[in-house]
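Chain A is fixed; fit chains B and C onto it per the hints.
Chains as they are written, first to last, in my numbering: chain A, 57 to 614; chain B, 13 to 186; chain C, 230 to 598.
Warning: the hint list may mix true and false statements.
As the list claims (entries may be wrong) - Footprint (simulated), chain B over chain C, 3 or more residues, beta carbon under 8 Å: (1) 270–276; (2) 562–569.
Claimed, not checked - In the DSS-like style, the derived pairs of lysine-lysine whose C-alpha atoms are separated by at most 30 Å in a straight line are: (3) B/179 with A/212; (4) B/176 with B/160; (5) A/133 with A/215; (6) B/42 with A/256; (7) B/42 with C/301; (8) A/214 with B/96; (9) A/215 with B/173; (10) B/160 with A/215; (11) A/322 with B/173; (12) A/292 with B/113; (13) A/214 with B/173; (14) A/292 with B/179; (15) B/160 with A/299.
Think of the hints as simulated: they come from the structure by calculation, not from any bench. No residue lacks a Cβ here, since even glycine has one placed at the ideal position from N, Cα and C.
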Amino acid sequence: MENQKVKVNINGADYEVAAGLNILEACKSLGIEIPFFCYHPSLKVAGSCRMCLVQMGTPARDRATGAPILDENGVQKIAWMPKPVISCGTKVSEGMHILTDSEYVADCRRAVLEFLLLNHPLDCPICDKAGECKLQEYTHAYGRQTSRYVEEKNIKRKKRPLGTKIMVDAERCIQCSRCIRFCKEFIGKSILGFTKRGSKVEIGFYDNADNDSNYLLNVVDGCPVGALTETAFRFKMRTWFLKTTESICGESSAGVNTRVWSRGGKIYRITPRQNPFVNDMFMSDSGRYTFKKYEQRRLDHATIDASPCQTEYAVSRASEILKLGGVAIVANGWQSVEEMYLLGELAKACGAKIYMASHPQPDDGKLVSAEGAPNIRGALITGIISEYPKPNLGDLERQIQGGGVKTILCFGEDLAVLGLQHLLKGVNVIYCGALENDTSAEAKICLPLYSEFEKDGLWVNRQFRIQRFKKAVDAPKAAVNDIDFIAGLLRDATGESFKIPSVGALRAVIASKNEILKDCASVPSSGLVLDGSKFSAIEFPEAAAINFAGATSSKAGE
Amino acid sequence: MAIIVERKRLSFWERTYLPQILSGLYITLKNFFAPKVTLEYPDQQPVIPQGYRGAPVLVCDSDGRHKCVSCQLCEFVCPSKAIKVTPSAIPEDSQYAFIEKGPADFQIDMSRCIYCGLCQEACPEQAIFMGSEFSINAYTRAGLVRHKDDLYKIGGVVPDKIMKWQKIKEREAK
Amino acid sequence: MQSYHIFSDCALINGAIYFGLSVLCVFIIMAFAGLSVVAERKVCAYIQGRWGPNRTAIAVVEDIPFVGNFLKKNGLMQLAADGLKFLLKEDPLPKHVKKIWYMLAPVMALAPVLIVAGVIPFGVYWQDGRAYPVSIANIDISLLVALAVGGLGVYGAIMAGWSSNSKYPYLGAMRAAAQVISYELAMGLSVLPVILMASYNGVSALSIFEIAKMQSGDVWLCMLQPLSALIFLVALFAETNRLPFDMAESETDFVSGYHTEYGSFKFGLFFVGEYGHVVVGSALFIALFLGGWDPLPGCDWPSSWGIVSTLLSVATFLVKVAFMVVFFIWIRWTVPRFRNDQVMTLGWKCLVPLAALNFVAYLIYTSIA
Numbered sequence: 057m058e059n060q061k062v063k064v065n066i067n068g069a070d071y072e073v074a075a076g077l078n079i080l081e082a083c084k085s086l087g088i089e090i091p092f093f094c095y096h097p098s099l100k101v102a103g104s105c106r107m108c109l110v111q112m113g114t115p116a117r118d119r120a121t122g123a124p125i126l127d128e129n130g131v132q133k134i135a136w137m138p139k140p141v142i143s144c145g146t147k148v149s150e151g152m153h154i155l156t157d158s159e160y161v162a163d164c165r166r167a168v169l170e171f172l173l174l175n176h177p178l179d180c181p182i183c184d185k186a187g188e189c190k191l192q193e194y195t196h197a198y199g200r201q202t203s204r205y206v207e208e209k210n211i212k213r214k215k216r217p218l219g220t221k222i223m224v225d226a227e228r229c230i231q232c233s234r235c236i237r238f239c240k241e242f243i244g245k246s247i248l249g250f251t252k253r254g255s256k257v258e259i260g261f262y263d264n265a266d267n268d269s270n271y272l273l274n275v276v277d278g279c280p281v282g283a284l285t286e287t288a289f290r291f292k293m294r295t296w297f298l299k300t301t302e303s304i305c306g307e308s309s310a311g312v313n314t315r316v317w318s319r320g321g322k323i324y325r326i327t328p329r330q331n332p333f334v335n336d337m338f339m340s341d342s343g344r345y346t347f348k349k350y351e352q353r354r355l356d357h358a359t360i361d362a363s364p365c366q367t368e369y370a371v372s373r374a375s376e377i378l379k380l381g382g383v384a385i386v387a388n389g390w391q392s393v394e395e396m397y398l399l400g401e402l403a404k405a406c407g408a409k410i411y412m413a414s415h416p417q418p419d420d421g422k423l424v425s426a427e428g429a430p431n432i433r434g435a436l437i438t439g440i441i442s443e444y445p446k447p448n449l450g451d452l453e454r455q456i457q458g459g460g461v462k463t464i465l466c467f468g469e470d471l472a473v474l475g476l477q478h479l480l481k482g483v484n485v486i487y488c489g490a491l492e493n494d495t496s497a498e499a500k501i502c503l504p505l506y507s508e509f510e511k512d513g514l515w516v517n518r519q520f521r522i523q524r525f526k527k528a529v530d531a532p533k534a535a536v537n538d539i540d541f542i543a544g545l546l547r548d549a550t551g552e553s554f555k556i557p558s559v560g561a562l563r564a565v566i567a568s569k570n571e572i573l574k575d576c577a578s579v580p581s582s583g584l585v586l587d588g589s590k591f592s593a594i595e596f597p598e599a600a601a602i603n604f605a606g607a608t609s610s611k612a613g614e
Numbered sequence: 013m014a015i016i017v018e019r020k021r022l023s024f025w026e027r028t029y030l031p032q033i034l035s036g037l038y039i040t041l042k043n044f045f046a047p048k049v050t051l052e053y054p055d056q057q058p059v060i061p062q063g064y065r066g067a068p069v070l071v072c073d074s075d076g077r078h079k080c081v082s083c084q085l086c087e088f089v090c091p092s093k094a095i096k097v098t099p100s101a102i103p104e105d106s107q108y109a110f111i112e113k114g115p116a117d118f119q120i121d122m123s124r125c126i127y128c129g130l131c132q133e134a135c136p137e138q139a140i141f142m143g144s145e146f147s148i149n150a151y152t153r154a155g156l157v158r159h160k161d162d163l164y165k166i167g168g169v170v171p172d173k174i175m176k177w178q179k180i181k182e183r184e185a186k
Numbered sequence: 230m231q232s233y234h235i236f237s238d239c240a241l242i243n244g245a246i247y248f249g250l251s252v253l254c255v256f257i258i259m260a261f262a263g264l265s266v267v268a269e270r271k272v273c274a275y276i277q278g279r280w281g282p283n284r285t286a287i288a289v290v291e292d293i294p295f296v297g298n299f300l301k302k303n304g305l306m307q308l309a310a311d312g313l314k315f316l317l318k319e320d321p322l323p324k325h326v327k328k329i330w331y332m333l334a335p336v337m338a339l340a341p342v343l344i345v346a347g348v349i350p351f352g353v354y355w356q357d358g359r360a361y362p363v364s365i366a367n368i369d370i371s372l373l374v375a376l377a378v379g380g381l382g383v384y385g386a387i388m389a390g391w392s393s394n395s396k397y398p399y400l401g402a403m404r405a406a407a408q409v410i411s412y413e414l415a416m417g418l419s420v421l422p423v424i425l426m427a428s429y430n431g432v433s434a435l436s437i438f439e440i441a442k443m444q445s446g447d448v449w450l451c452m453l454q455p456l457s458a459l460i461f462l463v464a465l466f467a468e469t470n471r472l473p474f475d476m477a478e479s480e481t482d483f484v485s486g487y488h489t490e491y492g493s494f495k496f497g498l499f500f501v502g503e504y505g506h507v508v509v510g511s512a513l514f515i516a517l518f519l520g521g522w523d524p525l526p527g528c529d530w531p532s533s534w535g536i537v538s539t540l541l542s543v544a545t546f547l548v549k550v551a552f553m554v555v556f557f558i559w560i561r562w563t564v565p566r567f568r569n570d571q572v573m574t575l576g577w578k579c580l581v582p583l584a585a586l587n588f589v590a591y592l593i594y595t596s597i598a
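Looking at chain A on its own, in the form it has when it is part of the complex (with noise of 0.2 Å):
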């Protein structure tokens, strides 16, 4: 059944499409666009937009015998259907014939378009899906461009909160349903309702309904129309205005595939990006957010023992204390595989060794894992650490105590959380990161490096995919690219001159020099599967991803 084809004839041309496909489906498969709102690959078809309507026939046949009818050529004729169908709720099948471009569809799509916009207030300017909304588009494509309505139009509720964030705008809706069964499908709860009847339907939530699931927001990005919006988006920036980048999501090992909208050097949300090997078109409220903490508390300036200095002074001095020797480098999960590598060549040159710290998080199931770091496996791949890391820092504090550690290089860990509160009185603390915690406050010396939106880099998630963030914003002036700082520390410590790569040079190395990544400098959008096969005997603290590629694996995009 998995690799079945039928022959169908869409607009007069023969094409070979999966069996088992709707119509809407097979005609995205082949280039040919059909208007839709309510379908949704991930969900249930409802067939209520009426949007994605065509016109379908069936090769002829006798009804009596099942003889084929044939015309005056010996052609079999096509029983065409009376009336249109929905292509998403229809299934291909053999010597079907089907019509996406006749003026009957025109005239179909322009009438569901029509009714669509009787009662819809038409407030665009003020309406944040402006730019992304799918009404607007189909309207522009293939609605009439004036209207006939000369009635009042329905009054519905405005504006109204659900929880605390999203705001639902009834007038807006054209019930479409995609809401209601997201709830119902991915989250499983019943959040969204419909009531009233005709005309008067309106989109509404159960009062008492809990709300606080951490995936409520798919809902603002499914609504094909501005009738759910994200509050914390809401009024902040015009969709057409933001650039958006692909990125991974920082918020857990799972390893969310993003998409980064930002303006100016701002970012203004997070929303998922399709990858069905990971989180189809999901992702978790809290990972939209992974970029306030850098709005808050990100680190602009170097510090030597708390007074500003110059960025280059700071990395001179910090290469200086390496050279004392009795050196501890702390490495976290969030740095790329690119700079694990580099950390490991610089903890050779001094001679150093690599501690590292999980942060164990619950897990739900569903799109966060329990490890909220997001590329430990890129530390074990790469060779920094051998086995998977414990979430506090005991290893370390016994080398302090025991006195062979006077020099902490610590990347982003706030070290007094990891339990050596008592201990950095005693060490030279370099703290180089890019947010502001307890260490770099104290720290001796404290230099600001880029954040996950300011730079390139390859992540290894949970199921041992490696995949690739890339730059949204520029980082602040005063910033260091990490992988400039941590070569510069080698060149210092090795004495060798060699030029600093680039992050592609980088990788073109790394997949010389590792086995595991030897593909890691050409990885696609959707990201690439690493043998994580020599880490079975690691027992690693994550359930199994979701697997949604078994059930969408060759469905259309949002």
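For chains B and C alone, kept in the frame of chain A given last:
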């Protein structure tokens, strides 16, 4: 191909050029005493014609409602990137809270504006107009950036025939 | 027979007085040149339907009743502002110029004008029944001096053009030289009949004063010798580089001609030199053809009035000069500019033969008469 133009044969006096100079002198003399057309600008102000494209301003409707809803279409269409809108929600205690959205700040950088009028054309609320002001000056660059309050003050009231939001409010009150 | 007035027996005092008069003469010429600039702007503005400079004002002077407003409205304070600007601007010395000649050129442009001014009879006074000119130097061959020294003015342009070491100034200077050669000839030929006429009347034929005096109380020479007057006038326009003969400056094709590389006060000297040239040229034309200090043809200031008559004669002369300058300006804003080849054609093929013909015709006429 060269075209040879037949010239008129000149008479003797024409060829001396002197009568032409004399008639020229007469014309310039006439103009010397003719009324002057110069507008003595700062003392006399020019009459601004209808449809003049002066500095863009924001306007209120006849109820005094600030018309801009910060849809940012002007910002988008502005070819010189002179406009910068900071959108925000209208506070709940405002009588216009039902409009939901309005600008927290609306900046027009007059040192960038090229007076093309595209903002006026793009505005769906008829909130931005090309005014009649043409002499814009300041001592600093920042002084040339006009903010929301200045823009409404300069723009004043432009009567609105449709009063869309008034109708919506009345309808909702029913 | 003394040729100049002796104020005192002491030669030193006499010399000092003459020096003072020279300075006064220079001052008058400069003032006239400055006022010509204002007149140029105002006349051109009026002809073009504008008001011309009428806003520039000096803080305190502006508040003087009537006078302040008069100065402001007529652009006279603009003149002061321009002069001040020329004085105070940075005086650039381009690296590529030949420095000595570059510095000398503006001086060379202005000096001949002031020298010629010394022989112009601005009026007349009587002593012991004899008429003397009101001029710095009363010399017999003043017309020759005026023509010779006046022609030197072009050396300023040539020096400027050559020393600037730059294409446009060089081309401008070459044109200026060519133009001066051709029109100097026509100018000299055109005054020959006048000289002849004067010598028949038994006066020192090469003295401007004598020629002017000959017209005093009589018809003016422009009526007796209209062709001479016309040729002289046209040549004068060419000599002073005024439009329609501004080949030396040619701002339409040579940026700014021979003084392209000049700025600030040096440019100012060229500027004043040009207008000084216009003023002195006008004075010369008036003395030769327009009856000198006489208010109207056939009517002069009686010698019996003594010093009053002298003052009136000087005033009359200066008023005539002013009108002549305005005429220069009027022509400039009326007649379009000639092309260089047209200037040469007019000079060599038209004015020179015409002047020669005029001379020959006058010779024949006098020999028959």
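Structure-based check of each hint:
1. Restraint check on the stretch 270–276 of chain C versus chain B: 3 residues with Cβ-Cβ distances below 8 Å, three needed, restraint holds.
2. Beta-carbon proximity to chain B at under 8 Å applies to 3 residues in the stretch 562–569 of chain C; the threshold of 3 is reached and the given coverage holds.
3. Between residue 179 of chain B and residue 212 of chain A the alpha-carbon distance is near 15 Å, which keeps this suggested pair within the 30 Å criterion.
4. Taken as a hint, the residue 176 of chain B and residue 160 of chain B pair is honoured in the structure, with Cα atoms around 22 Å apart against an allowance of 30 Å.
5. A distance of roughly 54 Å separates the Cα atoms of residue 133 of chain A and residue 215 of chain A; the hinted pair therefore is violated under the 30 Å criterion.
6. Pair hint residue 42 of chain B plus residue 256 of chain A does not hold up; C-alpha atoms about 81 Å apart against a cutoff of 30 Å.
7. Distance hint between residue 42 of chain B and residue 301 of chain C is fulfilled; the C-alpha atoms sit about 25 Å from each other, no more than 30 Å.
8. For the hint linking residue 214 of chain A to residue 96 of chain B, the alpha-carbon distance of about 28 Å falls within 30 Å, and the restraint holds.
9. Straight-line distance between C-alpha atoms of residue 215 of chain A and residue 173 of chain B comes to about 27 Å, which keeps the hinted pair within the 30 Å bound.
10. Taking the CA atoms of residue 160 of chain B and residue 215 of chain A, the gap is near 25 Å; set against the 30 Å cutoff, the hint holds.
11. With a C-alpha separation of about 40 Å, the suggested pairing of residue 322 of chain A with residue 173 of chain B is violated against the 30 Å cut-off.
12. Under the criterion of a C-alpha separation no larger than 30 Å, the hint pairing residue 292 of chain A with residue 113 of chain B is consistent with the structure, at around 10 Å.
13. Straight-line distance between C-alpha atoms of residue 214 of chain A and residue 173 of chain B comes to about 26 Å, which keeps the hinted pair within the 30 Å bound.
14. For the suggested pair residue 292 of chain A and residue 179 of chain B, the alpha carbons sit about 27 Å apart, so the restraint of at most 30 Å is met.
15. For the hint pairing residue 160 of chain B with residue 299 of chain A, the CA-to-CA distance comes to about 26 Å; that is within 30 Å, so the pair holds.
This entry does not satisfy hints 5, 6, 11, going by the numbered hints stated previously.
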